[in-house]
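Sequence lines, in order, name chains A and B. For the first sequence, counting from 1, position 59 maps to 59 in the working numbering; every step adds exactly one. For the second sequence, counting from 1, position 14 maps to 14 in the working numbering; every step adds exactly one.
Honestly, the hints are just simulated from the structure, not real lab data. Treat the hints with caution; some may be incorrect.
[Stated by the list, open to error] With a Cα cut of at most 25 Å, we get these calculated SDA-like pairs of lysine to any residue:
id, chain 1, residue 1, chain 2, residue 2
1, B, Lys202, A, Arg140
2, B, Lys196, A, Asn181
3, B, Lys202, A, Gly132
4, B, Lys196, A, Glu120
5, A, Lys119, B, Pro165
6, A, Lys184, B, Ser8
7, B, Lys222, B, Glu104
8, A, Lys119, B, Ser183
9, B, Lys202, A, Ser156
10, A, Lys86, A, Asn181
11, B, Lys196, A, Asp137
12, B, Lys202, A, Phe21
13, B, Lys83, B, Glu104
14, B, Lys202, B, Leu57
15, B, Lys69, B, Pro165
16, B, Lys32, A, Gly151
17, B, Lys196, A, Phe18
18, A, Lys184, B, Lys7
19, B, Lys196, A, Phe255
20, B, Lys7, A, Asp213
21, A, Lys119, B, Leu181
22, B, Lys38, A, Gly22
23, B, Lys196, A, Asn166
24, B, Lys7, A, Asn181
25, B, Lys7, A, Tyr214
26, B, Lys69, A, Phe255
27, B, Lys7, A, Gln215
28, B, Lys38, B, Ile55
29, B, Lys77, A, Gly22
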Amino acid sequence: MGRLSVIKTGPIATVQDFGRFGYRRYGIPQSGAMDRQMMIAANQFVGNPENFPVIEFALMGIELEALEETVISVVGASLKVNGQVKGKCEKVSVGDKVSVSSPMFVYGYLGMGGSIQAKEDFGSVSTYERAGFGGMDGRRLQTGDVLVSNGEGEISVQVDIPTRENAELVTIRIMKGPEWNLLKELPSFESFQVDGSSDRMGIRLTGARLACDYQEIASSAVIPGTIQLPADGQPIILMNDCQTTGGYPRIGKVFVEDLGRLAQMKPGKKVRMVRVEN
Amino acid sequence: MSTKESKSLLFNSISWRASLLGEEVALLECGKGTPIEKIHESTYLVEQAIGGDLIDLVPAYHSIAVFSKLDMGEIIKRLDGLKGSAKQIRDNDDVIELPICYEEGLDLSRVAEQSGMNEDQVIERHLEGTYRSLFIGFTPGFIYADGLHESLACPRLEQPRTRIPSGSVGIAGEQTGIYSLASPGGWNIIGRTPTKIFDPTKDQPMLIDVGTRYRFYRITKKAFESWED
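Chain B extracted, bound-state conformation:
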C-alpha cells in the first residue's frame, strides 16, 4: 500500500478518513451522522490551518475536498488533533431576507396537490421557514439548502425542464435550493426571487455564504418585474 492511501485522523473532535481525490486534492470524509454545522466549522478550520497553501475547498454533506500543493501527509499533520474554539468559528447568526414572487412558481399547484393543501397554505408554510445554505454545487452558485417543512416535500419532475430561470426557488424531495443561473433542471419551482444571489462580477460572488440562513418575504408580480437590487 502506498503511503498516500487512506488514513484516519481526528480533527475538530470528529474522526475523518483522508484519501486522494486527485494529485493535488485530499478528500476528508466523516460519518454520515455528522451534523452539517460541524462540516462548516471544519471547513473554516481547514482554511485557517492550510492558509496560503490552500488553492480551493469543496465542502459537501459529509466531506471536505482540500485543494493544495501540499502532500496529504502534511495536510494531515496540520489538521490531526486540531480543535475548533467557539471564537475561531465564523459567526453565522445572520438571517438574510430574500424577496420571493410566488406568481413565478411554475410548480406551485403541483406542490399544493402533493401536500394536500391549497396554494395559499403552501405559500404561508413556505414563508414560515428559515432555510440554510448547506453547500454549493451543480452549477455556479446553485445553493443546496435545508429547512424545508416536510409537508412541502415533492418528488422531482419526471421530465426535467430545459430552462429554469435564474432566481427560481426549487424543491426536490425534501431538498430545497435556489437556481443561481438559468439552467436545465428537474426541481419543482415554487417561486422566484429577483435578488441576484450569484454575481460573477464580484470576487465573492455568493450573496449567501455556506452556513448562512435565509428567509423569504412575499412580493407581488408587479414588484418582481420592476425589482432593482
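With the rest of the complex left out, here is chain A:
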C-alpha cells in the first residue's frame, strides 16, 4: 500500500484513467488522460496495468510527502526526492519529500504502484469537475489530500517513453468528418496556432482561417478529436472532456494516436493538419 500526502499542488492536477465509455447517450463525456501514451508509461514504470489511475498535472508541479513506502513514477516532468534528482521511477520511504517539476510540455503524469483510490462514477475514476465525477470527490487535487494506492507495485526500467515534439510546427493526421465537403480548401494549406484558452474540453486554433461554406448543423454527436469549424473559420479540436453533441460543422477528426501529441502542444506552437486515408 502506498500513501502520499499532498503538500503543494498546482491549479490543475486531477486523477485520470482511460475514461468513461458507453455513457455518451446520457450526455456523459469520456474524460480520461489527455496524453494516454504518457499515462501508460507512468503506469508501466511502477509495474501497473496500463489503465490504472494516475495523477495528471498541468502548468505546475506537485510537492508530496511519503506517509508509507511507495513506488512512484513521473513522466513528462522531472522528479526529485529530498532534493536529489532521480530517474523516472523511485521507491520512496516514510518522511521522504517528493518534488515533481512542472510539465516539460503541457501535461505530466504521476504514477503510484497499485491502484490509486478514488471515487468511481460510470466505470471510471477520471475526474470530470463539471459534474463532480470521479477523482477526489470530483474535484482537483488540493493541499492536504492523501493519495492512497492499494498495492505495492515494482520499479520497472524497460519502458518506452512516447516522444513529444518541442518543434515550432507539428503535423497532426486527420480523417474526413461528416461536413468535410463544406470546406473550400484543404486544411493542410494552413498552419494554426494553439491558443492559450485551450483546455481539457478542447484545443482552439487561431491565426489562419479555413474557407468554408459555413452552415450551422442541427445538434449532432461529437467525440474527442472532432474538428469543429465555427463561422470565424478557426477550428476547435474537441478533447477528452468535450460535450456529447454540438452544432458546428465537423470537418474532420484527429486520429486517436495523434491526440496525445496534440494535447502536449504548448500555446503558441503551430499545428498543421494533414488528411490521410483511414
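Put chain B on the given structure of chain A with help from the hints.
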C-alpha cells in the same frame, strides 16, 4: 475514395447516409424532415441489431452515432433493409409527472413580458403542456425537449449566467429543457423541479428516457424547500 467513406442505406423505412465520425464511430444521418419518433425507433432498432457489439449510441435531431468496434460495412450490413415492427418498438406512452416551483423561476417575469401575458397566465400555459425528451446533451443528463407552447418561446439571455441550479426548467427560443446539474447557461429559467432527474449513483441515471413524455404540477416554495424524492 476509400470504402469507408459515405454510403447510403435504407433502414426503418428511412434513407440514411452513413459516414465515419471517428475510428470506431459510424454516424447515420437522415433528412431534416424526419420526425423525432422515427429517430427514437431507429435508435432502439440499432441497439437490437448491433447488440453486444455496441459500445454507445448518441441520437440527436436527425442523426444517430453508433459506437462499435465493428467496421462500418458490417454495421450497414446489419441495418440495411431492416424494418421495425410495432412490437419491437419500446412502449413510450408513460407520462412522468414532475413537481415544479415557479417561485424559483429566475426569468418568469422576462418570459411573461416576452409573451404579453401576466405571470399567472404563463404558469397556467406552461402547466398545460406535455413535454417530451428528445435527446440528452450539453452536460450529463441535460434534457432537450419539445412540447413548449409557441407563446412561451423566449430568446436566450444575452449574458449567460455562470451558475444555474440543478432542476431548473429552461426555455431558449422554442426549445425547452431541464438542467440536470448546476452549470453555466443562457436559457430563461421559468421554474425548478426538486426531483432528481439525473442520478449518477444509478446505472440508469436518467429518470426520463429519451422519447418519454413528462408534465408538470405546481408546488409551493415551502414544499419545494422540504422536498424529498
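Here's how the hints hold up against the structure:
1. B:Lys202 <-> A:Arg140: holds, 24 Å
2. B:Lys196 <-> A:Asn181: violated, 42 Å
3. B:Lys202 <-> A:Gly132: Roughly 15 Å separates the two Cα atoms, so the pair holds.
4. B:Lys196 <-> A:Glu120: holds, 20 Å
5. A:Lys119 <-> B:Pro165: The hint holds at about 23 Å.
6. A:Lys184 <-> B:Ser8: holds, 24 Å
7. B:Lys222 <-> B:Glu104: holds, 11 Å
8. A:Lys119 <-> B:Ser183: This hinted pair holds, its Cα atoms lying about 21 Å apart.
9. B:Lys202 <-> A:Ser156: violated, 39 Å
10. A:Lys86 <-> A:Asn181: Not OK: Lys86 of chain A and Asn181 of chain A at ~52 Å, beyond 25 Å, violated.
11. B:Lys196 <-> A:Asp137: holds, 19 Å
12. B:Lys202 <-> A:Phe21: holds, 16 Å
13. B:Lys83 <-> B:Glu104: The hint is violated at about 46 Å.
14. B:Lys202 <-> B:Leu57: holds, 19 Å
15. B:Lys69 <-> B:Pro165: violated, 38 Å
16. B:Lys32 <-> A:Gly151: violated, 54 Å
17. B:Lys196 <-> A:Phe18: Judged against 25 Å, a Cα distance of about 28 Å means the pair is violated.
18. A:Lys184 <-> B:Lys7: holds, 22 Å
19. B:Lys196 <-> A:Phe255: violated, 38 Å
20. B:Lys7 <-> A:Asp213: At roughly 22 Å apart (the allowed maximum being 25 Å), Asp213 of chain A and Lys7 of chain B satisfy the hint.
21. A:Lys119 <-> B:Leu181: holds, 18 Å
22. B:Lys38 <-> A:Gly22: Holds, at roughly 22 Å.
23. B:Lys196 <-> A:Asn166: Distance ~47 Å between Lys196 of chain B and Asn166 of chain A Cα, so the pair is violated.
24. B:Lys7 <-> A:Asn181: Answer holds: Lys7 of chain B to Asn181 of chain A is near 14 Å, not above 25 Å.
25. B:Lys7 <-> A:Tyr214: Holds. Lys7 of chain B to Tyr214 of chain A sits at ~23 Å (cutoff 25 Å).
26. B:Lys69 <-> A:Phe255: With Cα atoms ~15 Å apart, Lys69 of chain B and Phe255 of chain A stay inside 25 Å; holds.
27. B:Lys7 <-> A:Gln215: holds, 22 Å
28. B:Lys38 <-> B:Ile55: Roughly 22 Å between the alpha carbons, so the hint for Lys38 of chain B and Ile55 of chain B holds.
29. B:Lys77 <-> A:Gly22: holds, 23 Å
When the structure is compared with the earlier hints, violations turn up for hints 2, 9, 10, 13, 15, 16, 17, 19 and 23 and for no others.
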